[in-house]
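Colleague: Here are the chains, one letter per residue:
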Amino acid sequence: MKRSLLILVFALLAASALFASSYFMGRRVCEMCTVRSTDNLDWLRQEFHLSDADMAHMRELHNGYMPKCAEMCTKIAAKKQELDEALAGSTNISESAKQKLTELAILRSQCQAQMLEHFIQVSQAMPPEQGRRYLSEMERLTIGAHEETEQMMSDHAGHMHGEH
Amino acid sequence: MNQENPNPSDPKLSALLREARATPPLPPRFREGVWRRIEESEIPATARIGWIDALVGWALRPRFALATAIVLVCAGSLFGAVQGHQAAREDAQSRYVASVAPNTLR
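Going down the list, the protein sequences come from chains C and R. Mapping the first sequence onto this note's numbering, position 45 (from 1) lands on 45, and the numbers just tick up by one. One gets this note's numbering by counting positions in the second sequence from 1 and adding 164 to each.
One thing to keep in mind: the hints can contain errors.
[To be verified] What the simulated footprint calls covered on chain C by chain R, stretch by stretch (three residues with Cβ under 8 Å from a Cβ of chain R suffice, anywhere in the stretch; the number is not a length):
1) 65-77
2) 87-98
3) 110-120
[Claimed, not checked] Not the full set, but computed from the structure, chain R residues with beta-carbon under 10 Å of chain C:
4) 184
5) 247
6) 253
7) 259
To be clear, the hints were calculated from the coordinates, so they are not data collected in a lab. Please read all numbers here as calculations on a predicted model, not as lab measurements. Beta carbons: idealized from backbone N, C-alpha and C, even for Gly.
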């Protein structure tokens, strides 16, 4: 009986090892087969099954948007630098720092608006159903992430107030 | 009347007593019943040993072992491939989102 039990345990271990090694091998092969290109637009082609013509249009829109995005990023980075300088060494928020915070928020909202405008343009260049799916996915991944954070924070604040 | 006490070691007396003791007849199918009870008392232990031995014997049959190995390799590879595809898709999505939405906006 003891011998049979040992054989059974060994067989189960061997089966687990076989499954695990096959799993890792399959995963590795699949990751290697999926072209890890440096093209950032690959996801659009894969996810929304776009043709070469569609992709050419996407690339045109993307390339048109990137300089505007970079310009916004530069403005935001500069404003953040100004804000850091206004906050440096102070123990309370000065009027100047408040002003910089407001300007930074305005810049960020302009950047978001520009980004959403780009998403809308891209979605309109896709077949209707794919476009709707793209827009909804991008809103979830960008603006939606903020909403989740705000929701979490408001829930947390609600709990904190409830404790009083 | 004989007043003396009987001696229990007296061979004559012992023989008489042995003859006088009635041996009752065994109930019908007594021997069969005894064997059946012996067998029943042995069944649980042998059954425990039996099913593991049977399982091992069954699992080690070349045809079954080969089929199991093939099923495990196929299931593992398929599951790994699905997971790998999903990981690659998420990676591509992250790259695209990072290119169009700066971190400060997410």
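Colleague: Now tell me, hint by hint, if it's right for this structure.
Modeller: Status of the hints after comparison with the structure:
1. As drawn, the stretch 65-77 of chain C meets chain R at 6 residues by the rule of a beta-carbon pair under 8 Å; at three or more, the given contact holds.
2. For the stretch 87-98 of chain C, the assignment as covered by chain R is violated, since 0 residues bring a beta-carbon within under 8 Å of that chain's beta-carbons and 3 are needed.
3. Check result for the stretch 110-120 of chain C against chain R: holds, 5 residues qualifying (beta carbon to beta carbon below 8 Å, three or more required).
4. Residue-level restraint check for residue 184(R) is violated (minimum Cβ-Cβ distance to chain C is 53 Å; threshold 10 Å).
5. Contact between residue 247(R) and chain C, as hinted, is supported at the beta carbon level, the nearest pair being about 5 Å apart and thus within 10 Å.
6. Annotation: residue 253(R) was flagged as interfacial toward chain C, and the flag holds, the nearest CB pair being 7 Å apart, inside 10 Å.
7. Annotation: interface hint on residue 259(R) holds; nearest CB of chain C at approximately 5 Å, less than 10 Å.
Against the hints set out earlier in the document, violations occur for numbers 2 and 4.
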